[in-house]
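**Q** Here's the letter readout for the chains.
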Amino acid sequence: MTHANQLTLAAARDALRKGELSAVDLTMSCLTAIDAGDALGAYVHKTPDIALDQARAADARLKAGDAPDLCGIPLGIKDVFCTKGVPSQAASSILAGFKPEYESTVTTKLFTAGAVMLGKLNMDEFAMGSSNESSCYGKAVNPWKVDSRQLTPGGSSGGSAAAVAADLCIAATGTDTGGSIRQPAAFTGIVGIKPTYGRVSRWGIIAYASSLDQAGPMTKSVRDAAIMLGAMAGHDPKDSTSADIAVPDFEAALTGDIRGKKIGLPREYRLEGLSAEVTALWDKGADMLRAAGAEIVDISLPHTKYALPAYYVIAPAEASSNLARYDGVRYGHRAKLSAGDGITEMYEATRAEGFGKEVQRRIMIGTYVLSAGFYDAYYNRARKVRALIKRDFENAFAAGVDAILAPATPTPAFGLGEMGTTDPVEMYLNDVFTVTLNLAGLPGVAVPVGLSTSGLPLGLQLIGQPWQEAELLNHAYVLEQAAGFVSKPEKWW
Amino acid sequence: MSIDIETARRVAKLARIRVAPEDLPELAGQLSGILTFMEQLNEVDVTGIEPMTSVTPQRLKRRADVVTDGNIQAQVLKNAPDAREGFFAVPKVVE
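One line per chain: the protein sequences are A and B, in this order.
The working numbering puts the first residue of the first sequence at 1, with every later residue one more than the last.
The working numbering puts the first residue of the second sequence at 494, with every later residue one more than the last.
What the hints contain is simulated information worked out from the structure, not anything from laboratory work.
Hints should not be assumed to be uniformly reliable.
Said to hold, decoys possible - BS3-like, lysine-lysine: derived pairs with alpha carbons at most 25 Å apart:
{"no.": "1", "chain 1": "A", "residue 1": "K284", "chain 2": "A", "residue 2": "K488"}
{"no.": "2", "chain 1": "A", "residue 1": "K238", "chain 2": "B", "residue 2": "K571"}
{"no.": "3", "chain 1": "B", "residue 1": "K571", "chain 2": "A", "residue 2": "K84"}
{"no.": "4", "chain 1": "A", "residue 1": "K18", "chain 2": "A", "residue 2": "K109"}
{"no.": "5", "chain 1": "B", "residue 1": "K585", "chain 2": "A", "residue 2": "K109"}
What the hints assert, rightly or not - From chain B, some residues computed to sit far from chain A (all C-beta separations above 12 Å):
{"no.": "6", "residue": "P518"}
{"no.": "7", "residue": "D558"}
{"no.": "8", "residue": "V560"}
{"no.": "9", "residue": "E578"}
Ideal Cβ positions, reconstructed from N, Cα and C, are used throughout, including at glycine.
Looking at chain A on its own, in the form it has when it is part of the complex (with noise of 0.2 Å):
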């Protein structure tokens, strides 16, 4: 039997607005799998509260015939979004407290929309990792399990992709920076799409890389990603780069139709050591592409494999400037002082109590890149491969592309714990394909398409034109209805 809370978006909507549902019932629904989910890890902050008195609201609307699509849908909101009153830490120690007195450009659109926010999602320490392990709230669980270990859901929207797939919620917002929406709906097989840098706004989302971060829908299907974005972008005032232009209509964008369409593949993806599986899914992926009209060319992306260091110098350095910020004066954790300390001790000892260690070594990476004698060495290197990177992106359009299939993530979820514990470069290598968008700004989308010969989700992913997120949505829904995807995880939390 589903229960409400199994529902799509889509098919959540249709019900609301025909009545068959109640919001009400619908949110409830969620809130007992919620509370049947600790296991998983995936909320941090419920907000039971909130989310009834939003569904109590969305059904008089639903009533009243006036529901946008996100009218009475519970969805769960990454800790990265600040919320008003509601905790919001990005699972850092040094926000511990933090109630923000506004509310994120995101979570404003959805809720004005009708949306119902059943609480905080666990996500990595300021967005930084792959595994959701650097949470000061404890580490969120991946629902698929395939043998005894406790397998990661990927990160750092981990508590995202975690409730998605649990169905939690119905749908959850994530952020990419590097990979982070993509990397996690690939390993928990689901849909995240990573819009164009600008598409949507970052005010009100706690900063980790502020040219690359970018928050996007973590979806059942690409339906849903496509209705969800469309609630979330759009230009705002309050954020400079937000990009001017009008949003499509995502949803209707979705014809299945992609004839004559223009694929590529791009060599430099075919890592030495890809695992023959992801080779096989890759090549399966375009096979249906193929089959439904489209034209599959191999392409080339020559700087691809300076992405991953490019990044690691680019992400740390806006990082140290943005965690600036955390110093114990204006909100979140302060360090009890000693006698005779002054204000270096205090920000010395709050930063080294509130950040947890992947984050100081991000803040000392890019505090070192942007020292005097190295920024031209390592930033503006940096700055100047990545311009080669989008390049590379740009020339490939120009051939006439229109969008390129390649795979989400080297590997199916790996064991909690069993990664980069002791060179933090092993974690980085998870993001090899998922960066090269972020540093060029482009839109992409994670689809599920089959399982691994041990049981778990593979997904591939496909990268966009600047501002096409509605044709990419497009190519997603055609290579989701051929994969066929409906394989759920067994419960056992």
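Knowing the structure of chain A, use the given hints to seat chain B on it.
**A** Frame of chain A; chain B shown alone:
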């Protein structure tokens, strides 16, 4: 490029993060590992390439230079660990 213990200490100081002396060797090792990973960038010919500053070329929008917000002192101070008499309070800065 390898980061020695003295450099690690200096970077931690610049970043205003207290690191115990016994933790410096491990930190220096990890930072060196990350920097070694970044050294790959030296293989790229970047002659004549301008550093990228923004994803889409766009001019920042202008607006009239007027006050658009304010008079919310209580909200501004609400989350402060120590706020007194309308100010953020910190340890003594000047002797």
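**Q** Mind listing which of the numbered hints don't hold for this structure, in increasing order?
**A** Violated: hint 5 alone.
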